Structures are given as structure tokens and as C-alpha cells.
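Colleague: Given the coordinates of chain P, work out where chain R with the ligands should sit on it, guided by the hints.
Line order of the protein sequences matches chains P and R.
Numbering-wise, the numbering used here comes out as the position in the first sequence, counting from 1, plus 29.
Numbering-wise, the numbering used here comes out as the position in the second sequence, counting from 1, plus 29.
Think of the hints as simulated: they come from the structure by calculation, not from any bench.
Keep in mind it's a predicted model, so treat the numbers as computed, not measured.
In this text, a Cβ means the ideal position worked out from N, Cα and C, and glycines have one as well.
Mixed in with the good hints, there may be bad ones.
Stated by the list, open to error - Which residues of chain P face chain R? A partial, calculated answer using Cβ under 10 Å:
| no. | residue |
| --- | --- |
| 1 | Gly62 |
| 2 | Phe372 |
| 3 | Asn404 |
There are 2 protein chains.
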Amino acid sequence: MAAPAKLTEYIDQNADKFIDRLAKAVAIPSVSGDASYRQHVFDMATYLKAELESLGVKVTLVELGKQMLDGQEIQLPPAILGEIGNDKNKKTVGLYAHYDVQPALITDGWDTDPFKLCVDKETGRLIGRGSSDDKGPLLGWINVLEAHVKQGIELPVNLKICFEGMEESGSEGLDELIQREAGPGKFFDGVDCFCISDNYWLNTRTPCLTYGLRGICYYKLTITGPGRDLHSGVFGRMVHEPMTDLIQVMSKLVTPQGDILVPGINDLVAPLTDEERKRYESLDYSIDDVDASAGASIAVASDISTVLMNRMRYPSLSLHGIEGAFYAPGAKTVIPAKVSGKFSIRLVPDMLPVDVDRLVIDYVQKCFAQLNSKNKVEVENLHGGKPWMADPTHWNYVAASKATEAVYGRKPDLTREGGSIPVTLTFAEALGVNVLLLPMGRGDDGAHSTNEKLDRSNYIQGTKLLGTYLWEVSKCA
Amino acid sequence: MAAPAKLTEYIDQNADKFIDRLAKAVAIPSVSGDASYRQHVFDMATYLKAELESLGVKVTLVELGKQMLDGQEIQLPPAILGEIGNDKNKKTVGLYAHYDVQPALITDGWDTDPFKLCVDKETGRLIGRGSSDDKGPLLGWINVLEAHVKQGIELPVNLKICFEGMEESGSEGLDELIQREAGPGKFFDGVDCFCISDNYWLNTRTPCLTYGLRGICYYKLTITGPGRDLHSGVFGRMVHEPMTDLIQVMSKLVTPQGDILVPGINDLVAPLTDEERKRYESLDYSIDDVDASAGASIAVASDISTVLMNRMRYPSLSLHGIEGAFYAPGAKTVIPAKVSGKFSIRLVPDMLPVDVDRLVIDYVQKCFAQLNSKNKVEVENLHGGKPWMADPTHWNYVAASKATEAVYGRKPDLTREGGSIPVTLTFAEALGVNVLLLPMGRGDDGAHSTNEKLDRSNYIQGTKLLGTYLWEVSKCA
Ligand SMILES: [Zn+2]
Ligand SMILES: [Zn+2]
Ligand SMILES: [Zn+2]
Ligand SMILES: [Zn+2]
Numbered sequence: 030m031a032a033p034a035k036l037t038e039y040i041d042q043n044a045d046k047f048i049d050r051l052a053k054a055v056a057i058p059s060v061s062g063d064a065s066y067r068q069h070v071f072d073m074a075t076y077l078k079a080e081l082e083s084l085g086v087k088v089t090l091v092e093l094g095k096q097m098l099d100g101q102e103i104q105l106p107p108a109i110l111g112e113i114g115n116d117k118n119k120k121t122v123g124l125y126a127h128y129d130v131q132p133a134l135i136t137d138g139w140d141t142d143p144f145k146l147c148v149d150k151e152t153g154r155l156i157g158r159g160s161s162d163d164k165g166p167l168l169g170w171i172n173v174l175e176a177h178v179k180q181g182i183e184l185p186v187n188l189k190i191c192f193e194g195m196e197e198s199g200s201e202g203l204d205e206l207i208q209r210e211a212g213p214g215k216f217f218d219g220v221d222c223f224c225i226s227d228n229y230w231l232n233t234r235t236p237c238l239t240y241g242l243r244g245i246c247y248y249k250l251t252i253t254g255p256g257r258d259l260h261s262g263v264f265g266r267m268v269h270e271p272m273t274d275l276i277q278v279m280s281k282l283v284t285p286q287g288d289i290l291v292p293g294i295n296d297l298v299a300p301l302t303d304e305e306r307k308r309y310e311s312l313d314y315s316i317d318d319v320d321a322s323a324g325a326s327i328a329v330a331s332d333i334s335t336v337l338m339n340r341m342r343y344p345s346l347s348l349h350g351i352e353g354a355f356y357a358p359g360a361k362t363v364i365p366a367k368v369s370g371k372f373s374i375r376l377v378p379d380m381l382p383v384d385v386d387r388l389v390i391d392y393v394q395k396c397f398a399q400l401n402s403k404n405k406v407e408v409e410n411l412h413g414g415k416p417w418m419a420d421p422t423h424w425n426y427v428a429a430s431k432a433t434e435a436v437y438g439r440k441p442d443l444t445r446e447g448g449s450i451p452v453t454l455t456f457a458e459a460l461g462v463n464v465l466l467l468p469m470g471r472g473d474d475g476a477h478s479t480n481e482k483l484d485r486s487n488y489i490q491g492t493k494l495l496g497t498y499l500w501e502v503s504k505c506a
Numbered sequence: 030m031a032a033p034a035k036l037t038e039y040i041d042q043n044a045d046k047f048i049d050r051l052a053k054a055v056a057i058p059s060v061s062g063d064a065s066y067r068q069h070v071f072d073m074a075t076y077l078k079a080e081l082e083s084l085g086v087k088v089t090l091v092e093l094g095k096q097m098l099d100g101q102e103i104q105l106p107p108a109i110l111g112e113i114g115n116d117k118n119k120k121t122v123g124l125y126a127h128y129d130v131q132p133a134l135i136t137d138g139w140d141t142d143p144f145k146l147c148v149d150k151e152t153g154r155l156i157g158r159g160s161s162d163d164k165g166p167l168l169g170w171i172n173v174l175e176a177h178v179k180q181g182i183e184l185p186v187n188l189k190i191c192f193e194g195m196e197e198s199g200s201e202g203l204d205e206l207i208q209r210e211a212g213p214g215k216f217f218d219g220v221d222c223f224c225i226s227d228n229y230w231l232n233t234r235t236p237c238l239t240y241g242l243r244g245i246c247y248y249k250l251t252i253t254g255p256g257r258d259l260h261s262g263v264f265g266r267m268v269h270e271p272m273t274d275l276i277q278v279m280s281k282l283v284t285p286q287g288d289i290l291v292p293g294i295n296d297l298v299a300p301l302t303d304e305e306r307k308r309y310e311s312l313d314y315s316i317d318d319v320d321a322s323a324g325a326s327i328a329v330a331s332d333i334s335t336v337l338m339n340r341m342r343y344p345s346l347s348l349h350g351i352e353g354a355f356y357a358p359g360a361k362t363v364i365p366a367k368v369s370g371k372f373s374i375r376l377v378p379d380m381l382p383v384d385v386d387r388l389v390i391d392y393v394q395k396c397f398a399q400l401n402s403k404n405k406v407e408v409e410n411l412h413g414g415k416p417w418m419a420d421p422t423h424w425n426y427v428a429a430s431k432a433t434e435a436v437y438g439r440k441p442d443l444t445r446e447g448g449s450i451p452v453t454l455t456f457a458e459a460l461g462v463n464v465l466l467l468p469m470g471r472g473d474d475g476a477h478s479t480n481e482k483l484d485r486s487n488y489i490q491g492t493k494l495l496g497t498y499l500w501e502v503s504k505c506a
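Just chain P, same shape as in the assembly (with noise of 0.2 Å):
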């Protein structure tokens, strides 16, 4: 059963009230990494709190502590845990969204003012931070709710939410509130099923549900060696200059074709099934789709199912950067005494952080001391985090995946991602549920991007998505 067509009725003859909502919350510039943000973090909070409260939640703000932001000590916004329906008959849904934002200055090449929506009507593009990521599919919540309680129609499941203010931040205090309140007569006890909407289409075109997510190590490889800058005139061939060492190191990690040359990474994967294979042989994207988001024809090969298991099922070794060395315009002739090399590796199963820290941090001492080189190397891990799988044939994505069909008329594409969503990781472990990752917005909506937008279809669709997604949950076995 989809949901009732009063739900969707409802959400449809609300849809310029629902954009009014999002215009709300866009106007609350909620960024969390800007200490003189903050009061407006706290605000978005307030504002959700009493929303929340006004559509019969039993709300708490939960305070997670201080924290150390550009040189002083201020309060963590809270996270907001709310549960409505206590009915042991249904199941009960856990909801996660952040009402963070990424920073923004129009100076930053926007449009528009990015705490302003701007309603596109032409485009039906809904410009402005958050838009998108996360309020956008926040506000989705709070719609479905009221279409409930404005149709007087009961909500088919319990569901007990955790919205969070720090998302773009690191998420600190979070995964200690998720293991805190994870256990018998806890917030959280009772969960069968989580759902969080924070993540994108692969395309602008077809819905998916996402049941992966890739890990990541990053590692900051440092030589050194003179015991200051030396000038090149001077110096130049009389000593081993970390630049060349760095670059030699930093030359062996990976090709251009990205395969990663560290030995024993490849052996950590898990293998590939022929299932699984098929799985990305149906996806609708093309190598015109990677040009397209790329900006430029630089796809690694040209059988489209290998690029995107390179991004969801294979590990990827990106160089970012050099610490130490000079980086200006124009022409400096130093030889720099320290330079740090940046680079990480995404994570797929069932390669463990631990695993892979041995072999990388094995490896490059072994290729610097092939460089017989008087200077000195170090390698160090400056986090990471372990990547997360669903089973995507589990009743969570099989209700995902029906509430797709009933809103989008096509089964959605079954998708892993590149990045990291580390709350996924914690909900999963922490509680031992199935997380569904359901995405609202479209691969081209710009999250931390100027311009930002959510397509006002997808907006009202993807309402209707997390709505219908409930009433689907309630009756899979």
C-alpha cells in the first residue's frame, strides 16, 4: 500500500507553503564552523524545536558540550531528539538530517544572497544554502508530518528523530549521544530501521537509494631534512632536497589510471560478485554524465561500469597537496628544509583503517629508503574512518524502493557513494539496524558549492517519497 491519497493530495496543494518553510530555514544562515555563526545555529534549533512540538513531537535539545572554534571556547548547538507514537504494533523509524550549513558569501561567486531563497520560476531551481544539503530533506520530515496531522490521518510507524547542528563541522559530540543513548530503555531503543536523507541522485534523472559508502585514511607523508629554507644557487646539488625526495615517494603511490601501487591493498577488497557487477551495468549513468559533472572528458576508462566501481566498490588514492613547499604565483628559488605531502585513500570492504595504515605506512619507507637520501621521512595518519555497506535487499530498501516506484513511477537505482557520511557508520553499529541512505536532491544540486539548489520537484516528490517510504516500511514483513 502507498500512502493514502490524501497524503499526497495534501502535499501538492501545500507545495508553495512547503517552499515558504524552506525559505524560513534558509534565512537562518545556521554554519557551523564560524564562531560568529553560531547564535544563528542555536536559532535554527529553537526554530525546529517548537515546529517539531507544534506537530504533536515530544522534543528534547540535547546539549553535547563546548568546543574550541577560531581561538574561543563556545557552546555546541544541540542535537534534537524527537519521538512521536509509541504504538508497539508498528515498527519504529529512525530519522537522522543536520540543520547545519556550510558556509557562504555572496562574495563567493553566488548569484543571489545564499541566505535569501530565490524561487527560480523558469528553472523551478530553489536557490540558497541548505537548499539541498540538509534542509531541504530536513523540512521533507516536517512536511510529511503535517500532512498528517492537517488529514488527520495516523502515522503508520513510531519514529524517533536525531537531527544534528554540527554535520558540516565534524559532528562532534555525536557518535558519544548515538552510543549513549543506544541500549535498552534508551532514546534510541526500539529502532528497527534507520533513514537518513542527506546525500544525492548519481544524475540529474533517476532516483536511487544508496547502501554504501567509501571510507578514508589520510596520511601526511613529511621529510625533512636542512635546518632552515636554503636558497637553490647556493645549495642546489650539494644536498638532498626533501622536495625531490617527496616527490619521488609521492610519484610511486599511484597511476594515472589511479590504481593504487601500495602492495596488499588490492588483496583487502572484498571480490566482486557477479551480481553485484550487475548491479552497475543497469545504473543510468554514462561516461557523458562523469563528463559532464567533471567538467571535462578526463574519465578514467571508457566502460562506464568500471568508472563507477572505481567510485563506489574500489579504493581511490588522490594526491591533494604539498605542506611546506612554495605554492604562490610567480617564481621563488627555495629549497624547502620541510615539506609535508598530503594524500588519502577511500576505503571500501573490507579494508579496516588498521590494515591499511600498516601497508601504507610499510610501503613508503620502503620507497624512501630506496631513495638513499640523508634526510628523513615520517608518515602519520590524520584520520580516518572505516567505510560502510547495507544489505540492499533488506525490507528497508525494499520499502524505499516501492515508495520510489509509487512517487517516481520507476524503480530507483541501487548506488554507493565515493565520500563519507560517518553518522551512517555509528547509527548501523551503534544500534544494529539496517540504514537506508534516501536521498532527495538531484547529482547537480552543488552542496558546499555556490548556487546551491534543490529542484522544486524534487522537493515536493521527495516528500512525498519520505512520506509513502513510511507507510511502505509499516507493512514489509
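Modeller: Positioned in the frame of chain P, the structure of chain R with the ligands alone reads:
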């Protein structure tokens, strides 16, 4: 014949007066690279003009036009052209020094005000910006003139003086002036040899004469790919990454031991003669000296003459840094869209920039082609300068060598420098005369650094050296 004893006696007796003269010059912060200091550079020229004129020198301040600096169009400091003596029976010696200095702020880490000469009685150090580079040597000539005037001794040679105020900022306008004033009837007409005092001893013990300088070709190697920076989670292993390509190409330029891998480069280098090799073997410089000046035991070889030849008579290739990639502390997961590697090659005879360009650009293109990347490559030479070498058996050097023996009681080392002083080549080529680099300061003076100093003994003995050199020139064939 050394200089008359009355001259060296005068110099010894007036040492404190000469130090006061240096203090007065250091107190004028003639920083040429900062528009807000420009008036001080002019003040320095005015001061020197008065000093020179009071000693009988006919002085012209030559306007060199305007420049753009810090966003404003400002007047270039004048070149100071001076002449004294016009005796057909005497040799005419050209002198060069510069009266501008590098920037210096106490907050850079100076122990004392950089523009107030600190006379450290214990160590004999005269500490202040420009003390060694190049106000001390410039004033050395003025001290010599004063000694002659005050002792009533006629100069043994005619002098043509060229002091500039833009050396630390690219010597704008000077090359054109020298070329304009070369030839019959012009200012530099009749100059028999040139002497430049603007470099340093190789170590802290042994006077030297410098007869060679390396040239330079500075390259910018740019790889472009995506239309904008990409997120490594989303795009890692889907596309050809410019950084990966750049690091691959940069890794093929030079070995950790300093050997240049560009085919054909080494064939351009003038072959080593037995006699020249002996010159390096006899230099007073050790691996310990290399380590001390580099601040670590990182010499590329254990044999000092190999290391010295690497600095003085072989080309070197240094990798300076990357523009466009992540360079800050911390961890950013960006795939930069456009990255430019900066590297330079120091040139020695008989390498010409045009030949080096051809070989480098060709090789880089080939290396890039082998990567099979869909990105684009571009290589450009940002600036270049030819190497310079003089004949160290010329009477100009013989005179300086005898003067060194007379003042310091030992033969000077014959050295070549790894860096560039471009005006040297201009004088040599435009005037067609032998040019001598006759340093006053020591290898640890820290020109361009914090706590720049000139040792009192180097200043006073150095003044004697300059005076004695003129007398030795006067009797050389
Ligand atoms: Zn988000
Ligand atoms: Zn985000
Ligand atoms: Zn200088
Ligand atoms: Zn200088």
C-alpha cells in the same frame, strides 16, 4: 707594490669612524621592494652623492623611469654614476655595488632593530640590515677614497663608479643604462676592468675571489583537467587527476642525488679539465662546512670536491613547489583542477637558456605523453639568465690575489658561486672587460636573513683589501 703604508694606517686608525659611517647608512632603511620605503631609497642616493662629492668624485644621479609596485606607479631609485681621475697613463677600474637592501622587520625574528647598527664588542659583529649586503662593501670604497684624500695620496687608477638602488628588486632599468653608456664617448668608455663586491667567502675563514656564477632557467609546468576542483570522495579513481600526473612528471626530472634526468642537458656542460679539478681540490671547504651551513648532515656525496663542483660547475635542478594544490596545514580532500609545478635549473657554461628550454620542454611533453592521461600539459620558462665565467688568470684577478696576500697573508681561494648576480654578465658582455667578484663578508653573514651581520675585521680588512687591489691593478701589465 702593496698600498702605501700611510693608507692602511689611516684605515686602522679610523676604524670607528668607518663603523659610524656604516651605522649612518644602515639607519636609512633603503628597502627597494616596498613602495612605502621608496623615499628612503632616494634618501640613501642623496646621502651617497654628498659623500662621494665631498671626496672629489663627479657624481650624476641617473633617472631610470617609473615602475609599478604594490599597485602604484612610482619613480625608480636613481643609478649613481661617479668618476674620479682621467689620467691616460692610469688604468680605469669600474666599480659596482648596490645601496638598496632586503626588507627587514624586528618581528621577522631579529634580536635587535634591523635598521640600527648593533656593534657587538664581544664577537666583533656589526649587525644590521645591509651591513654585509651591500652597504659595507659600498662604503668600503668610500673609506678608501677618504683615506687617499686625508693622507694626500693620489689615486693609483681612474675610477668609474656605478652604484644601483634596485638590486634586490630585479635591477630594473640597469641593463639598459649599462648598454646605453657602453661604447666610445660614453660613461663606461675606457674602463679596463670591473670589480663587484657583492658576494661572500665560501666559509668563515678564507678570503676568496669569485670567477663564475650559475645562470638559471625557471619553469612552470601546468597540468589541467577538470572544469573545477573536485571532491576526492566523489571523483577519486573516476577521472585523471592533475596532481597525479604532475607528480609523475616532476619525479622524472632529477634523482635524490641531484642528477638531472633531462636527456642532453649534461652534454651542454663544458668538460672538466685537470687544472680546473685541482682548483676545487685545493679549496678550503669541507663536508663539515656544508653540513654547518645547511644545518644538517645532508651532503649528496662524501667527497668535498664532488660536492663543490656540483655547486659551482655543474647544473642543478630543484623542485620548488606546486601552485594550485592544497598547501595549508590540516586535511582537505580536494582534487585540484589545475596545478603548476615550479622547478628551476641552474646553468653553467656552456649551457644556453634557449638550448635548455628546448630539451626541458621536449622531455616534459614526452614524459607526460607516456602517462596516457586525458589531462593537458603546458610548460613555460618564467625567466632565464645565462651563466657567467671570467678568466681567473687575468691581471684583474692577479691584482686581487696579490692584494689579498698583502692584507690577509694568504692566497685567496678561487671560487664559483651557485647563484646569480645578473649584472655581472651585463658588465662583462656590454663592456667586453674582465669582471672580478671580490667579496668582503663571510659565508655566514646571513644576507637576506634575520640578524644580518658583517664582521668588524672583514669590514676594516676588507676596506684595506679594496684599496690595495687598486694599487695592485695600477702596476699589473
Ligand atoms: Zn549534508
Ligand atoms: Zn554537507
Ligand atoms: Zn647584494
Ligand atoms: Zn642581496
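Colleague: Which of the listed hints are not met by the structure?
Modeller: 1
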